[in-house]
Each structure stands twice: as C-alpha cells, then as structure tokens.
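Trainee: If you read the protein sequences in the order shown, they are chains A and B.
Quick note: the first sequence, position 66, residue 66 per this note's numbering, numbers continuous.
Quick note: the second sequence, position 100, residue 100 per this note's numbering, numbers continuous.
Rather than coming from a laboratory, the hints here were simulated on the basis of the structure.
Mixed in with the good hints, there may be bad ones.
Each pair may be met inside one copy or between any two copies, as identical chains are not told apart.
Pairs of lysine-lysine, DSS-like flavour, derived with a Cα cap of 25 Å [what the hints assert, rightly or not]:
#	residue 1	residue 2
1	K431	K602
2	K431	K401
3	K401	K349
4	K356	K401
Protein chains: 2
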Amino acid sequence: MATRKTDRRASARRIEYLQIECVTPELDGGRYSVKRVVGDTVIVGADIIKEGHDQVAAHVLYKGPGDDDWLSSPLTFDFDSDRWYGSFVADRVGRWTFTVEAWTDVFGTWRYGLKKKIDAGQDVATELLEGAQIARTASRSTRSAHARATLINTAKVLEDRRDTAIEKRVRRALDDEFLALIAEAYRPPDLTRYRRDLTITVDRERGRFAAWYEMFPRSATTPDHGPPRHGTFHDAARRLPGIAELGFDVVYLPPIHPIGRSFRKGKNNSLAAQLDDVGSPWAIGNEHGGHTAIEPALGTIEDFDNFVREANELGLEIALDYALQCSPDHPWVKEHPDWFHVRVDGTIKYAENPPKKYQDIYPLNFWCDDRQNLWNACRDIFLYWIEHGVKTFRVDNPHTKPLAFWEWVIQDVQRVHPDVIFFSEAFTRPKRMKALGKLGFTMSYTYFTWKNEPWALEQYLEELTQTPAVEYFRGNLFANTPDILNEYLVHGGRAAFRIRLLLAGTLLPLYGIYSGFELIENVPVQPGSEEYLNSEKYELRPRSFDAEGNINDDIRRLNAMRRAHPALQRYANLTFHKAENPTILFYRKAAWEPLVQWTGSKPHPISPKMAEALDVVPPGGVQDILVIVNTDPFRPQETMVHVPIREMGIDEEQPYIVEDLLTGARFMWRGVRNYVRLDPAVEPAHVLLVHPPSSAASGSNQP
Amino acid sequence: MATRKTDRRASARRIEYLQIECVTPELDGGRYSVKRVVGDTVIVGADIIKEGHDQVAAHVLYKGPGDDDWLSSPLTFDFDSDRWYGSFVADRVGRWTFTVEAWTDVFGTWRYGLKKKIDAGQDVATELLEGAQIARTASRSTRSAHARATLINTAKVLEDRRDTAIEKRVRRALDDEFLALIAEAYRPPDLTRYRRDLTITVDRERGRFAAWYEMFPRSATTPDHGPPRHGTFHDAARRLPGIAELGFDVVYLPPIHPIGRSFRKGKNNSLAAQLDDVGSPWAIGNEHGGHTAIEPALGTIEDFDNFVREANELGLEIALDYALQCSPDHPWVKEHPDWFHVRVDGTIKYAENPPKKYQDIYPLNFWCDDRQNLWNACRDIFLYWIEHGVKTFRVDNPHTKPLAFWEWVIQDVQRVHPDVIFFSEAFTRPKRMKALGKLGFTMSYTYFTWKNEPWALEQYLEELTQTPAVEYFRGNLFANTPDILNEYLVHGGRAAFRIRLLLAGTLLPLYGIYSGFELIENVPVQPGSEEYLNSEKYELRPRSFDAEGNINDDIRRLNAMRRAHPALQRYANLTFHKAENPTILFYRKAAWEPLVQWTGSKPHPISPKMAEALDVVPPGGVQDILVIVNTDPFRPQETMVHVPIREMGIDEEQPYIVEDLLTGARFMWRGVRNYVRLDPAVEPAHVLLVHPPSSAASGSNQP
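Please construct the entire structure, taking both the sequences and the accompanying hints into account.
Mentor: Structural data, given as structure tokens:
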C-alpha cells in the first residue's frame, strides 16, 4: 500500500462537503485512545456520504509518536458494506493519531464519464476540454517542474481541436500516466476532514502477551526447621533461573518498600503484631523511607539494580507494585500532612468501612490544596523506578483513587516512556474496571478466579473478547493472587490447579500465577474464606519449589506452547463451541484475529476480499488451536465436541489431523462431531493444533 | 419529579472529577440531534463513574428553544444496570439542549457514615463536627437569608460539645430539614459536567403521526368525454372535503410552479411533446416565474391561499414539493447563469447519466462562487411558501444536492419556524437516506413499496424501528407514488391494494398514498415497468373517485382506527411475532413504546421499576393491537399465530378477548397459539384490539 506525505495545510479545512461518519477505531467519540501493539496493522473504516453520482476518494491520515507530518494511506470502497477501509502499520510504541479525509474524485468522475460517452459513440469535444482544464488546475498545484510541464503539455494535447487529433487526444485523456500525475498533483477543492483526530496507544508486545509470576522476595529463602530468615534480593535472584526456565516473562513483586510500624498487622491479619512480625508490604513507609525506598531487610537499591539486571539477562522483566497509600510512619505524613485527609479534630483520617477500621493505612487526599505537588510526587515514584529498570507496574486498587489522576499520570509517564505498562488491580464493578482501561491502563485483573463453570467462563470471556471492550480493555487472567484463593482450588486439589492453569494460559495471551500455586497451596484461613492460611501478606513463607506434587511440568509445557504458537498470543481470536457435555469447555483460538470493526456495540466483520485488499490476510503457517477442558477435577468426562470446521475451511468429508500439544498424540478427526474423553487424573485437557486436511495421514478419531 | 433552575456559572467547570459516559440519547458523539415529538418524555441515561465509596448525585440539565437558563431534573441510580436515569418533558416544538452533571454527594456520604457508626455504637463526635463544617460551607452559598440562618444554627447545634447535647445533635444531624437545606444550598466542589451539550429536535405531532394523500391539482377536474380541462386550485379545493372525510391529515401537491417549455416531455415521457402537452411539473420555471411562482393554469397566489385556507378549515394541511432544479426557461438561468454548472464551451450543463440525457433539467451548482446568494435564494423559497401557510415540504431527490446545504437550510428555517416539517424523497443507499435523517429531515420515504414478502417486511421494519435509527430516521410508508407502481399491485389487483394500504397504515404511524391508489390504478407503461401507463407526471388525469371497486371504505376505516388508537400513533412499538404460515405477517403494535436506550447500536431496555421512578408508565386505557395480514392476494390462508401473551401481561390460562377493529367481531382467545383464517376476497387482515382478560366474556376462538 502506497504511503505518502501530505501537505499539512491542505488538511486544515472545516466545511463538511462530504459527511465522514462512523470512523473506526474510535472510542467514546474520540475521548479515549484505543489500544494496539507494535507491529499491528491498524484497520481504519469510515462511512463516507456524498450527494449525487460523482466518484469519491479518501485516505487515512496518520502520524506516529513525535511525528510532525501526516502520512497518508488510501481508503478503498467496499460496495457490500457501503464503507471505506484502509490501513497502516503501527511500527513504533507510543501514541498515534489518525483521521480520515475524503473528497470528490473530479478526475475519476470525468474519466469515467468520458469512457462511457466514447463507448456510446457520443461527441466528447467538450469533455476533452474539461480534461484540459483539470490538467491545468493540477499543474498549478504541483511543485515538480517535470510534472507541471507534463500536465501543461497534456492540456495542450486535449485542447487540440483538429479533427485528426481526436484519437491521440482520447488516448492521452485515458492513459495511466495522466491518471498518476493527477493523483499526485490535483488539490481537491472540497477536501473534507473528519471532525476529530483519533488516538491509538501502541504498546510493546508484553502489553498483550505475557506470562506473569508473582513472588514475595522476602520469602525467597530455603525453608528449614527454624524460624524463616527474611529473604533478600540476593535470595530472590536465585529464584530467577527457575522462573525463567518455567517460561515466564514477568516477575511481579509486591511492594518492596519499608513497612509501617504503627498498627502493623500480625500473622493471619491479626490486629496485634508480634515484635518479629514482618507486616503487610502494602502498609508503605517508615523511618527508612516511603515509595522510593527499599525495605532494608531486602537489601539496598544496588541489590535491587542487580536483581533487575539478572532478571533481564534471563529474559525476565521485573514488575513492581504501585500502591498509593501510606502507613502512619510514611515520611509524607510528617512532611506533607496536608496531602492526607485531615479531620476537623486535626487527626489524619485512616481508611475505614464502618464498623471496620484500617488504622495502618492513610489514604491520600488527591484533591487537597497542594494537589499539584502531590500528583507530581506520585508521578515521580514511577519515574524513579523506571530509572532503575522497571517498565511494568501493577497498580494496587486504582479504583479507590481519582480516575482523573490516573489519566494524567499514565499519559505523563508514557509521553516520555511509552514502553511503560500499567496493570490495573481493580476488582470492582465492570463499568469502573472498563473506565480504567479507557483512561489508559494497559491491562487489568479480571473476574476469572470466580468463573469456574464452563457457561460462566464462556459468558465472561465473550464479554472480554467479543465486545467493543477489546479495543481498550485487556484482561490478564491471574489464576490466584495473595488475596484470592477460590474454593474451586480449595476443593478441587491438584487437578483443579492444572485445569485453572491451562484455562488461564490458553483463553487469553495474558495470564499469571502467584507463587505457591505451582505447589497446590490451597488451605484457607477458615472454611469459606478466600484468604490463605498463614498468608504471605503478613509473614515469611519460604517454599521448596520442587516439592512433590508440584505442577512445574504443566507450567513449563504451557509457556512453551504459548511461545511457539501465534494463536495463543492473540486476544480477540477466541470463540466458544459446543461440547455436548456441559462440564466440558470447548474453545478455539483462531490462527488469526477476526477482522472486526466495532461500530457502536455492533461487530462488523471485514470481508475476506477487503482483507486481501488491505493486505491483512494471515501469514502462512499459522494454525488454529482447539482447546477442550474437562472442568470437573474429580471424574473423567466424555463428550462429543462440535468442531467449527466451516470457519476453519475444512470440508465436511475430508479427515483432518489434530495434534495434542500437551502429549504429542495425533488423532484423525472428520466432520463436525468428534469424540473426546478427558480424565483429570491424567490430562484434564486437549490443546489441539489443527493440521490442514492435506497433511492428514494417520490416527484414531477417539483421542 | 422536582425541577429547579440552576446557577449557570456552577455548570461551567472543566475538570472531569467524575467520568460521565455513554449519555443517551446521543447521536454520533453529539454531532447530530435526536428527534422527539412535542409532549414526549425525554429519558436521559448516563454511566457515572467515580473512585472509592462516596455517594454520587447527578442531574440532567436541559433547556427548551429560546431558554437562557438551564432547568434541572434529578438522575436516579439503577443498581441493576449500574446506570443513572432521569427525564424531562419536551413540551415545546423546537431545538432542545441537555447535558448531565454529577458530583460527590458529600452530605449523603457523611450522613450514611454517621448512621452506620451510630448503629455500631461508635463515637461520632468528630463526625458531628464535620457535619457542622458542611452546614457552614453550605450557608455561604445560599442566597436565602432564612436558609443561611438555619444552616448556621444547625452548625452550632452540631458543634455543641456538651455531653447532654448528644441526642439533640444526632437528631438534628439526621433530620430531613437539614437534608433538604443542604440539597438546596450546598455547592459541590467537584461538580463535573458531561463534555458535550446534546440536542434534540422536537417536532409537532404531524412529524411522527400523519396520513398523507398526494394529488396533482391540475387533474382535479371531473372526467368527461372530451379532452380533459386543466384543473385549478378551485377544482382541487372541491376535492378537499372528500379527502378530509377519508381521514387524511396532509394533502401533498407535486410542484405547482410554471413548467419549462424547452425539451418538455410529452405523454408517457416521450421526448417530443405535443403543443398541448402539460409537461412534468418537476421541470420548474418558465417566463411566468420559478419556484415562488404558480403555474397560471392552476390559478393565482390568491387562489392558492384560498385553497390552503379551505384545507386548514377541514383539518387538512397542505404540503408542497420542493424540487431544487430548473428548466432551461427558469428565470434563474438568465439572471444567475453562474448558479448552474457552466461548461468550458459556455453552455449550461444539463442532467445526464450517459448515454441518457435529461435536457429539460438544469441542476444547480451548490458550490458556485456565488454560493451564499444561491443558498439564501433556496432558503427563501421555503420562507415564501411558509408565509403562504405551508408548513410541510416534500423534498425531491435531496440526495442529489449537498448534505451540507440541507443541514444549513433546515436549521435556518427551523430556527424561525420550528414547526416546519421536511420530508425526504431519497431512494438511495441506506446510509445516505439515514444521513439525511441525521442532518435534519423530519421524515423520509422508505423501501416499503419493494417489500412485499412477510420476511422482507419484518426485516426492513425491524431495521427502521428496532435499531438506533429510531432516534433520527422516521419512515413514511407510501403505498405508491407517481414513480413507483410495484408489480405486487400490478398482479395482485384490488386485494393487493387493500393489503398494502392496511400494512402501510398500521406498521408505522406515517403513511401515504398517491391518488389513483384508491381506484386500483395499476397498469404499467410496459410490462415490468414501475411507471404508470399515461402517467400523471406528463398529462392530465381526471378521475371519478367514487368509481366502482374503489377502496374508500378501507381508507376511511383505517384512518379512523389510527386516530382512535394510540398504539397506531407510535413508531417504535412494533414487534413481529410468529405466524406458522409464512404468507401471513403477524405483528403487535404495543400500547406503549418500549423504553429503550440506544447505547451504541445496542438496545438497553429500562426496567419497569425505573420506568415507574421516572413516571413514564403507560397511561391507563391504552390497549395493545395485534395485526395479522394475509399477504397472498389470491387465496385464503390460515395459520396459527403465536400471541406474545407474556409481553402483554396475559396469563397462559386466562382467556382474553380480541376485537377486530375492521369488522367489529370479537373472539375469545387463550394462550399463545390461536387460529386465524384470512380470505383476501373478504378481509385480508385482522386488526385486533386486545382486551385485558378481566373483561373477557364471550366469543369463539376461531376468528
């Protein structure tokens, strides 16, 4: 697709000669950015409406981060949808801008009419003179002396009134060089620009595809018989090769800052801490510092730098927790008491949900009089850790801080550091979670841990992947967190852990686990609670990661599969299909994301023909993956699954091979209905790579 | 619902402390107005998102045409949809504006927290002091001396630190007077306004409910044996009582202006007119004048004024044709040749679609250099006829003139004459037809004439009534036009005419026929053509309107029914239901329009609970209507229809009475499936008024 620089002045007109409507991708009338990942082809769609029968032409104008000049790429008309489509590749991380321009294709209209008259044997003398006029007009706009000369010469040819010249005149009028010259030089008088410039936040790939591992560095010692030693970054660094070997991409650390002493919580969240209790790392700040300091027991900033470097050398990235709240001992409490909620009695307001009191935590008052300095200080926390090599932040409870703050701080940081990723830990109402995505969070926690029935998973994942939310909200499916031990894991044991791991890692390209998951830790603090017994939030929890019963093999296999197969790296390519047994979940990760335009809340698929015109057909060699999961951790289940062979381009009659990426087994299937049996004690799932029918060779049709 | 004036300055803030999203009704991000009819309750919805747990309050701000001050009406939170709703009544014709404001309900949050602490037996000394602070803040914003004094006094009560005062303090803190005072006086510091003001075009009722009748006044003579005499406005006036008696609301006249002589079309659209041929009235203008003149053969402007007056006295409204094109003899061609497309050879360009030439028509060049005068002249045509009592214009082929022109001229006219109705005669691609609706056309022709199969009618009418198009596009279902004689009418004869009449008049509240329809005129100029033989467009066609076989009784009955039953006057209350025989169309016109918010392209029904809170429950006595039409004009058809009893609040077991408004017959039905048989030679349809089960008494269940 040809791309050329355009004259900026030409784009500044305001009269809407043509109506340009329903431009996609657009979020809330352009108020927010949509999201893409670097290298994505951005498909732009628009309805362009003009009176009468003249031909219309249009292009998308776009510019990458920091660009001064617009680039343009043509829009193509799709007759079936009465809609225009174009595309460009977002090849850099950062904030992109685009809009659409349309105009009457005066030359094309003239040329078409001329041809029709010639075909009908009508006189075209006047038409040829009009062509000359267009050529002369164009000659006045071009900067190229050669083009100008050629256009003037063309005009002279077309104006040649001698009868003998007619054949030459018509030939010149219709030749391709003239067409190309006009396309380059003609400035349409009715150039109309869409009323808004739209923005796209282009993230690096880790913003859409990553396997996360959460660990408390203070627990990273080897367990032995005595009371556990407080782990350091040195200890944590020794964990890194193992984590890398399991195939994770991101290691996320809960807060590493000095921990408050006032009202420190004891083991199992008891109100009275013992002297040796380490406290919750989310109660940030003491005499050693606040959000830019390191808990001395973990080491120094140099130790942290080394830890980050070692991680990076292993291909791992370190993500930090960003929790905007302070313990009563945080330096800010003394230095800036006005940054908190000061009550009429002069005390600082702690967090509470009457009758519960959270006296170890002071929330910040984001609308205090010194708001500007407070917001800058909060921004500077990000900048400090970015300087220390951290490019990913898991943001604690963003829904309890003003949305306006997040929008400002994310944009302010990403303006300079567009590769920074913000991960929203908001478990709140769907609209609030989505609002954080719109405002700028790169990805978000989800309700995944509470969705354990196939129907619930299907409904929820469709909401995430088959609604306009795909344009701005990326779910990261954590299978557990220090706060959430779901009863499905409590009751389902090892098989349940294997099932949930596989679901998390294959449903969406972003997933994560919190350490201990691989060891099937599932004892709640009390029956029915989602809190862990002896929760690591309040005490040290050294672990033997090769303890018996671990599911490291499952993790390793899953992460390897995810890296090998593009279908598992895509977000919106998820569709659910029928398994006749309702305890079995059956879904497809398509080789390629569907080309869908979200106009309003309605998906408009782009036709294969148009996809080809836009050069966005899937590359060769990418294969569909079918995932079939028995969600019953206790019993083998069998079912017929209904394979979407038509969508995959497979014939009703032709057998095809599916290859289980978990076991290597290959099966020959045929048609829509095929049989599976899944024993959770052996393998609770199939992850089937679909081989196109031509490569079918052998196998059984009963995997 | 309380409504109060609000301080204008308070509404001018810009920081988005809260996010206000997805405000409805909104069209294309506020670029265009939605449509309502005077007296409608406008339901406003909004998502309001704020961090944390504080309570939120919100209201809709609105103002009617010409209002300087905003009025406000509270928004109520709907927990189930996590959305806020409010409403106001659009009680005047013209352009309304509204937006939404939201803020933290500091007082409500405080009051709720105070109650919780009191219930938990906790100390509330500090809370009471905070309440005093709120009271003092509010006292500074109120203009009422009494309110100020009461608030200061309340603050003093709350600040009373004597132990003995605690009961009195708490009572005062929670009493309703304090609550009401604060609601009136407190100015929230985080008042946030939605980023756009949205507009609503409120039409008079004829914009949504009217029966149209099209007639050529020049044909309004009585047929006899000689060549017909050219009819006048006097003749046409003699037709009016008959038309009024049939129950029509609007009489629409094709152009009444002097008709061009150059290249005048002869009978049956022949290129060579005879001397006595009257020509097509759409070739406007000759030496007697142009768009503001009257064809002398029709009479004078005084005759026209009398005609309009006589119509009005009969309760009829006159609609004129507005066709922006000129015959070569139009005065503008001499006075303003620059308003046309002047070709390089100096001639004026006529309309053509190569190889076809339309030499009797010059299109205007809306983008000529003298554009401003041309556009004003076009606007002044409207103003001229408005002065002569015409408030409705049927606009010929608007899709061949710039959309920007229509948007300007409609707004310019409606600014002074908001009761003027513009009816778009655009038969073009759906997006272009819809664009004209968005830009301001009050109503539009549709594809109805070409939709004759039940499935096609269902699909098309659902597109018109159950998509966001209901917000701005109102279809007027003409059963025929001088240009469209559908083959269904050609082949189906009298029964087909009765069927199409009934469909047009019951599917939507706007419908029309072109004269001759009532006489079953259905001879095409040639087989397969949609043009009439001896089309009235090119010659005089006097008629005997009481000729045998006329369907005047059907028309009279239909229009009376429409006037008597509110369900037939509503637009979006149409739903289709199953008839087991596919030649039978079964639909319901509900007693009340569904309360739907269009967010994007998705309908969100408003819950009955919220409807009650908004006071938009249907008034008593309005009844559902069920329409069952046999679309086979040749044979009786029978079927079981599936009555949507659940939606109508009827029990599975309870019998209910349906009363045929066409024949007066009453039938007792029960449950979902009921039997009907429709003989097109007798009555091709039932129009059944549904009587609630309590009034059921007698009847057969086989109509």
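Trainee: Go through the numbered hints given earlier and state which of them the structure violates, listing their numbers in rising order.
Mentor: Nothing - there is no hint that the structure violates, so all of them hold.
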